[in-house]
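Visitor: Under this note's numbering, think of the first position of the sequence shown as 1, with each following residue one higher.
By construction, these hints were calculated from the structure, which means they are not laboratory data.
Every residue, glycine too, gets a C-beta built ideally from N, C-alpha and C.
A couple of the hints might just be wrong.
[What the hints assert, rightly or not] Computed spacing ranges between beta-carbons, pair by pair:
#	residue 1	residue 2	range
1	181	208	18 to 26 angstroms
2	47	13	20 to 28 angstroms
3	176	4	39 to 47 angstroms
4	240	215	27 to 35 angstroms
5	291	155	43 to 51 angstroms
6	18	115	23 to 31 angstroms
7	242	18	43 to 51 angstroms
8	340	221	43 to 51 angstroms
9	181	258	38 to 46 angstroms
[Stated by the list, open to error] Derived PhoX-like pairs: lysine-lysine, alpha-carbon spacing no greater than 20 angstroms straight-line:
#	residue 1	residue 2
10	281	298
11	245	263
12	10	53
13	247	213
14	275	263
15	265	245
16	170	213
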Amino acid sequence: MFVRHELATKIITDFDNLYEEMLFEFILVEIETKSETLFCCVLYRPPCGSPAKFLESLDNLLSSMLSRYIKLLFMGDFNINLLAPSKLKQAQNNSSLANEFISSFLSTGMLPACRIPTRVRDTTASLIDNLFTNLDLKTCDVIIYDDSDHFLILSEVTLDKPKVEHPEQKTRKLDAESIESLRNQLNNINRSPCLDNQDVDQATNYFIQEFEKAFDRACPAKTSKSRRQEPRKPWISKGIVRSIKIKNQLYKIRIENPSEDNKEKFRLYKNNLTKVIRAAKASHYTKLFAEASGSPKKSWEIIHGIIGKKKMSKIPESINHGPELVSDRHGIANVFNKHFANVGVRTVKESVAANNSEQRN
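Input sequences plus hints: build the corresponding full structure.
Guide: Here it is as structure tokens:
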């Protein structure tokens with residue numbers, strides 16, 4: 001489950017005792033907005049599990065959650081096709097599994113959001129993924145997605161929208177006219193204070209200050225807020241973005257008309273695009289490592305960026321020292337000082353004691 005970082009979240013473990021291996025697995029998250037608290041549950045049911053046991057456990061899970069939480073989003077891959085209820089029968093009675101599954105939610109006031117297929121193959125279409133809620137749904141759409149055999153479900157509910165702080169960025173106008181203006185202003189700089197000064201540092205500082213003044217006048221910086229939530233990966237060019245859009249269009253055509261010709265067109269285009277993206281990514285990192293040649297620090301920064309390793313953003317505010325919790329700075333410093341001052345002596349004593357014990361044995 002992914003939740004926007006602007007929202008306060010907490011994983012709820014109160015219902016972990018209802019988990020049953022090979023029957024279903026789930027995660028429940030509490031999401032807080034300015035004035036409301038919403039609970040989201042994501043569940044997966046393996047197709048090999050017992051339908052009767054699943055329905056019984058689902059009823060217990062829903063009643064337990066709704067007895068404590070008013071606003072609930074319940075979503076997941078249930079592996080129960082709601083488009084073909086008559087094909088799925090329980091062994092115990094003649095009622096449809098799909099109908100009983102829907103009834104479990106309807107009896108608690110939870111309505112399904114999706115009514116169209118979420119999994120489409122060449123000759124079949126099924127609705128096995130869904131979202132159930134007792135909230136007001138504004139929209140619910142299925143997004144065609146070719147990286148998985150399950151489509152995406154996009155739903156919108158009415159809640160307080162968190163304020164998103166868009167990062168500020170500065171841009172400068174660097175066209176032929178502004179460059180010519182900069183050249184003229186640099187030609188008019190009084191160089192005497194720079195050339196006549198015997199102090200190299202003062203002369204350099206003077207030149208830099210005058211250059212920056214001329215640069216700001218000729219190419220003024222404008223501050224704007226980026227509307228992008230996350231920067232595009234550096235090796236994804238505008239041309240690759242256009243190709244991705246074409247690939248998505250070909251996939252949509254393949255789904256709507258799964259002829260052999262359409263399937264082959266999509267397969268070839270997707271394979272070629274994948275090769276292009278991999279080559280662009282490899283070229284990007286090859287260039288970065290070439291620029292960092294001779295600098296182990298920069299090379300490791302690149303490696304950490306590739307594997308997703310980040311620096312710790314927060315220093316611990318307290319440490320456990322035996323049974324005592326130390327939180328003030330001076331106390332923490334003293335604990336570390338005592339540790340490093342005595343660790344050598346303590347290690348030697350422990351080593352000698354261990355050797356004596358071995359000799360006695």
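Visitor: Report the numbers of all earlier hints that the structure fails to satisfy, in ascending order.
Guide: 9, 12, 13
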